[in-house]
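The task is simple: from the sequences and hints, build the whole structure.
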Amino acid sequence: MHRRHTALHVLKHRAQNSLMSSSASAPLSQAESATRTTPTMSSTAASNDVIPDEQRSTWPQRAWTLAGSAAILASFLTTARLVGASGSAGADLLAAAMAAFAGYSLADLAAGVYHWFIDNYGGAGTPILGAQIVAFQDHHLHPSAITRLEPCNNLHVVAGAVAVALPAAGAALSAARAPAAAHACACAFAACVMLSVQIHAWAHERRPSRLPPGVAALQAAGVLVSLPQHAEHHRPPYNTNYCTVSGMWNRVLDGCKVFEALEKVIYLATGVKPRSWRGDEDVK
Numbered sequence: 169m170h171r172r173h174t175a176l177h178v179l180k181h182r183a184q185n186s187l188m189s190s191s192a193s194a195p196l197s198q199a200e201s202a203t204r205t206t207p208t209m210s211s212t213a214a215s216n217d218v219i220p221d222e223q224r225s226t227w228p229q230r231a232w233t234l235a236g237s238a239a240i241l242a243s244f245l246t247t248a249r250l251v252g253a254s255g256s257a258g259a260d261l262l263a264a265a266m267a268a269f270a271g272y273s274l275a276d277l278a279a280g281v282y283h284w285f286i287d288n289y290g291g292a293g294t295p296i297l298g299a300q301i302v303a304f305q306d307h308h309l310h311p312s313a314i315t316r317l318e319p320c321n322n323l324h325v326v327a328g329a330v331a332v333a334l335p336a337a338g339a340a341l342s343a344a345r346a347p348a349a350a351h352a353c354a355c356a357f358a359a360c361v362m363l364s365v366q367i368h369a370w371a372h373e374r375r376p377s378r379l380p381p382g383v384a385a386l387q388a389a390g391v392l393v394s395l396p397q398h399a400e401h402h403r404p405p406y407n408t409n410y411c412t413v414s415g416m417w418n419r420v421l422d423g424c425k426v427f428e429a430l431e432k433v434i435y436l437a438t439g440v441k442p443r444s445w446r447g448d449e450d451v452k
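For the sequence shown, this note's numbering begins at 169 and goes up steadily by one.
Because the hints were derived from the structure by calculation, they are not lab data. Check each hint, because a few of them may be wrong.
[As the list claims (entries may be wrong)] Below, in silico cross-link-like pairs of lysine to any residue (SDA-like), each with a Cα-Cα straight-line distance of 20 Å or less:
id: 1; residue 1: K425; residue 2: K441
id: 2; residue 1: K441; residue 2: G291
id: 3; residue 1: K441; residue 2: V302
What follows is the structure in structure tokens.
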């Protein structure tokens, strides 16, 4: 009788231990299952960081951007050499700095005029400019898409033009024995025109943390066009604030209605209405 009671006690103790171990192991298996089925934060972030191929920079695009940058560097070195070789380096340096500012200012004006023309005239079939015209109109529909392009993907078209035009201009200036200031103006103009497309992209970035160091400060200082200033352009009929380097010319051009006057002249001469009059995005 005593043995039977002891055996029953042992069996009961084993059953209790079995139940306790199974209940303790259940949450572990659920946690393991959750770990297997729930994606980690790092894997989710990695999937979000994948850049589509059309937004990536290709090697030809990098090559053109490098060529444009090399042309600007060569022009800058020519300017520095001429200043250093001058008998009045201080005066020539001041003149070169003032000329560089003039080039920076002219680049803002040129970018505005080009932007106005591309926004309002031509279409997909326009020679040379057709693809850009379509891209500019698509940009009005999807303004933030430009911020997702890798830099060389964004810069290469204008960089290619700079790579060809700036050395030719520099050679012409050297042949004419132009002073350092002339080279400085050409260098600054070309650099700002080339960077204008990237400056434009930065003006659409709503997260300052994604801007390169110093860009937000330059925007706040008015050296580069800012998001609030450029946002004025992205309101139908898209007929103001065309300048995209510093935006310094926008107040003058819009206040004096310069582009409106040009549009009227073109309409009277050709009968072609600008897209800002039609209020559409038709680029056919």
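* Numbers of unmet hints, in rising order -> Every hint satisfied by this model.
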